[in-house]
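Protein sequence lines, in the order shown, are assigned to chains A and B. In this text, residue positions in the first sequence follow the numbering used here: the first is 406, and each later residue adds one. In this text, residue positions in the second sequence follow the numbering used here: the first is 4, and each later residue adds one.
Simulated from the structure, these hints should not be mistaken for lab results. The C-beta atom is built at its ideal place from N, Cα and C for all residues, glycine as well. It is possible that part of the hints are untrue.
Said to hold, decoys possible - With a cut-off of at most 30 angstroms between alpha-carbon atoms, the simulated DSS-like pairs for lysine-lysine come out as follows:
1. 552/A / 80/B
2. 550/A / 260/B
3. 565/A / 48/B
4. 410/A / 264/B
5. 550/A / 7/B
6. 264/B / 560/A
7. 27/B / 552/A
8. 141/B / 27/B
9. 550/A / 216/B
10. 552/A / 264/B
11. 552/A / 7/B
12. 560/A / 410/A
13. 177/B / 141/B
14. 48/B / 141/B
15. 27/B / 80/B
16. 205/B / 177/B
17. 7/B / 27/B
18. 89/B / 77/B
19. 264/B / 565/A
20. 560/A / 7/B
What the hints assert, rightly or not - Stretch by stretch, here's where chain B covers chain A in the computed footprint (C-beta under 8 angstroms, at least three residues):
21. 503-513
22. 534-544
23. 562-573
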Amino acid sequence: MQTVKMVVTGPFNAGKTAFIQSVSEIDVVATERKITAEAEKVKETTTVAMDFGRITVDDDLVLYLFGTPGQKRFDFMWEILSEGMLGFIVMVDSTRPETFREARSILQTFRAYAPTPYVVAANKQDMPDAWDLDDMRLALRLDPKVKLLPCVARKRETVKGVLLELLYSILAEMETGEA
Amino acid sequence: MALKGNLRDFSITQLLNLINLAQKTGQLVIEGPGETARITFRQGKLAYAQIGAEDGSLAYILLQTRKISQSQYKLLKERTAQMSDKEIGLLLINAGYLSQDAILTSLQTYFVGIIRRLFTWVEGFFRFEADSLPVDGKITVRVDLENLIIEGSRQLREWEQLQEEIPSLDMALKFSERPGTNIRNINLSVEEWRVVSYVNPKNSIRQISRATKMNDLEIRRVVYGLIQAGLVEIVRPEGAAPRPQGQQPRQFPTNDKGEQKSMLNRLISRIRSL
């Protein structure tokens with residue numbers, strides 16, 4: 406059996422666990438704990454080590470999805486999780502501009518770990534307070550070539566869309582490298 | 004859609020950049036520490052600005068920019084109470100007191116001054132009200148934002164450097180163990196003394212900032228200065244394991260490009276079928 410992996414990263418409460426849960430064929434192996442920091446109590450639990458999801462492609466190939474812990478104090482896990490990834494997805498909560506700077510910092514950190522293709526998923530685009538993609542692109546200082554994709558992590562179709570766009574980018578990069 | 008958030012994480016410079024690039028028209032309302040600023044933009048250019056309790060009238064702005072004296076200001080306020088700024092401006096030009104250029108320069112100086120004050124705000128909430136413009140009768144200007152953004156970026160860079168140096172305010176400080184250093188012989192500012200008095204591994208920098216009523220930028224500046232002077236050290240949290248070093252592992256289980264492509268195509272097919 407051959408395996409490949411992708412990493413889903415992003416700031417605290419960006420929707421990484423929900424994203425993986427939407428497409429994983431197994432119950433996500435989540436390592437969640439009750440949140441202790443007052444400032445981060447926008448939800449009850451948070452991922453402290455990693456989330457782990459699986460998509461079996463065929464008899465010979467499996468895709469693993471790893472979600473990184475969102476809280477900064479667990480960032481020592483990021484490099485370990487990024488080892489050998491095909492590419493990565495940066496989840497950003499479209500309704501929380503206060504997390505945009507952190508999202509950019511995480512993006513740069515992962516780029517430093519591995520120069521693999523990546524896409525940015527603008528999560529919670531179904532919320533009334535969600536920022537427009539154009540405004541988010543400016544705020545996140547994303548190059549026009551970087552794919553910024555609308556996403557609702559609990560809706561499988563949009564999650565599929567994000568994963569496919571990442572795979573298209575990986576394929577395109579591979580073909581460019583061969584040219 | 005909503006363009007609102009918190010200055011703590013989305014700076015004035017970033018907002019100006021966004022407004023400039025998107026050529027937005029509307030009013031940016033910023034509720035800062037103790038006062039509110041209302042900045043109007045037309046097609047990405049600064050058009051008008053008003054802050055706090057300052058009345059923002061033309062007469063007030065001319066006084067602030069020293070185009071008229073205090074007595075002229077009083078006279079102007081008394082005699083033109085029912086007139087709009089545009090009417091007052093015309094009156095002054097027609098009477099030969101001021102040129103149109105002088106009035107516009109005054110307005111630009113005043114509005115840009117407000118933006119400069121905003122660069123010092125690191126806390127507060129903002130919202131952008133699209134297509135909202137100043138009330139009729141106000142004189143607007145057209146100031147390119149690029150230079151202001153560059154100026155604000157310099158401040159932001161300082162802020163980012165400080166953040167890099169002092170990544171978390173949840174860390175504590177302790178006095179450096181340097182025998183022979185007598186802190187009483189060192190010239191410290193009032194702010195530095197206030198911080199020094201709270202230096203103790205039990206107190207987080209955030210707690211010190213609250214006790215000394217300093218904002219994040221101010222406390223970082225002071226702490227950075229104290230660190231540079233070798234007086235204090237940041238007490239790092241325990242248990243931060245060093246990152247493992249090593250070769251970048253393979254992304255694909257095979258080195259054959261053809262097989263890699265095949266894997267990708269199979270992955271694409273599988274995701275599509277989910």
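Evaluated hints:
For the suggested pair residue 552/A and residue 80/B, the alpha carbons sit about 56 angstroms apart, so the restraint of at most 30 angstroms is broken. Restraint check for residue 550/A and residue 260/B: satisfied, since their Cα atoms lie roughly 25 angstroms apart, inside the 30 angstroms limit. Distance check on the hinted pair: residue 565/A and residue 48/B sit about 40 angstroms apart at the alpha-carbon level, beyond 30 angstroms; violated. Annotation: proposed proximity of residue 410/A to residue 264/B holds, straight-line Cα distance about 15 angstroms (limit 30 angstroms).
Proposed proximity of residue 550/A and residue 7/B is supported: the alpha carbons are some 26 angstroms apart, at most 30 angstroms. Taking the CA atoms of residue 264/B and residue 560/A, the gap is about 28 angstroms. The hint holds against a cut of 30 angstroms. Taken as a hint, the residue 27/B and residue 552/A pair is honoured in the structure, with Cα atoms around 23 angstroms apart against an allowance of 30 angstroms. A hinted pair counts as satisfied when its Cα atoms are at most 30 angstroms apart, and residue 141/B with residue 27/B qualifies at roughly 19 angstroms.
Under the criterion of a C-alpha separation no larger than 30 angstroms, the hint pairing residue 550/A with residue 216/B is inconsistent with the structure, at around 44 angstroms. As the CA atoms of residue 552/A and residue 264/B are separated by approximately 21 angstroms, the hinted pair is consistent with the 30 angstroms bound. At most 30 angstroms may separate the alpha-carbon atoms for a hinted pair to count; residue 552/A and residue 7/B meet this at roughly 23 angstroms. Using a Cα cut-off of 30 angstroms, the hinted pair residue 560/A and residue 410/A holds, with the two alpha carbons roughly 21 angstroms apart.
A distance of roughly 55 angstroms separates the Cα atoms of residue 177/B and residue 141/B; the hinted pair therefore is violated under the 30 angstroms criterion. Simply put, residue 48/B and residue 141/B have alpha-carbon atoms about 16 angstroms apart, close enough for the 30 angstroms limit, and the pair holds. Annotation: proposed proximity of residue 27/B to residue 80/B is violated, straight-line Cα distance about 34 angstroms (limit 30 angstroms). Taking the CA atoms of residue 205/B and residue 177/B, the gap is about 9 angstroms. The hint holds against a cut of 30 angstroms.
Restraint check for residue 7/B and residue 27/B: satisfied, since their Cα atoms lie roughly 14 angstroms apart, inside the 30 angstroms limit. Using a Cα cut-off of 30 angstroms, the hinted pair residue 89/B and residue 77/B holds, with the two alpha carbons roughly 18 angstroms apart. Note on residue 264/B and residue 565/A: the hinted pairing holds, with a Cα-Cα distance of about 19 angstroms set against a maximum of 30 angstroms. For a cut-off of 30 angstroms, the pair hint linking residue 560/A to residue 7/B stands: about 26 angstroms separates their Cα positions.
Using a Cβ-Cβ cut-off of 8 angstroms, 5 residues of the stretch 503-513 of chain A lie near chain B, which meets the minimum of three, so the contact claim holds. Given a C-beta distance limit of less than 8 angstroms, the hint that chain B covers the stretch 534-544 of chain A holds, as 8 residues qualify and 3 suffice. Counting residues of the stretch 562-573 of chain A whose beta carbon lies closer than 8 angstroms to any beta carbon of chain B gives 5, which reaches the threshold of three, so the coverage claim holds.
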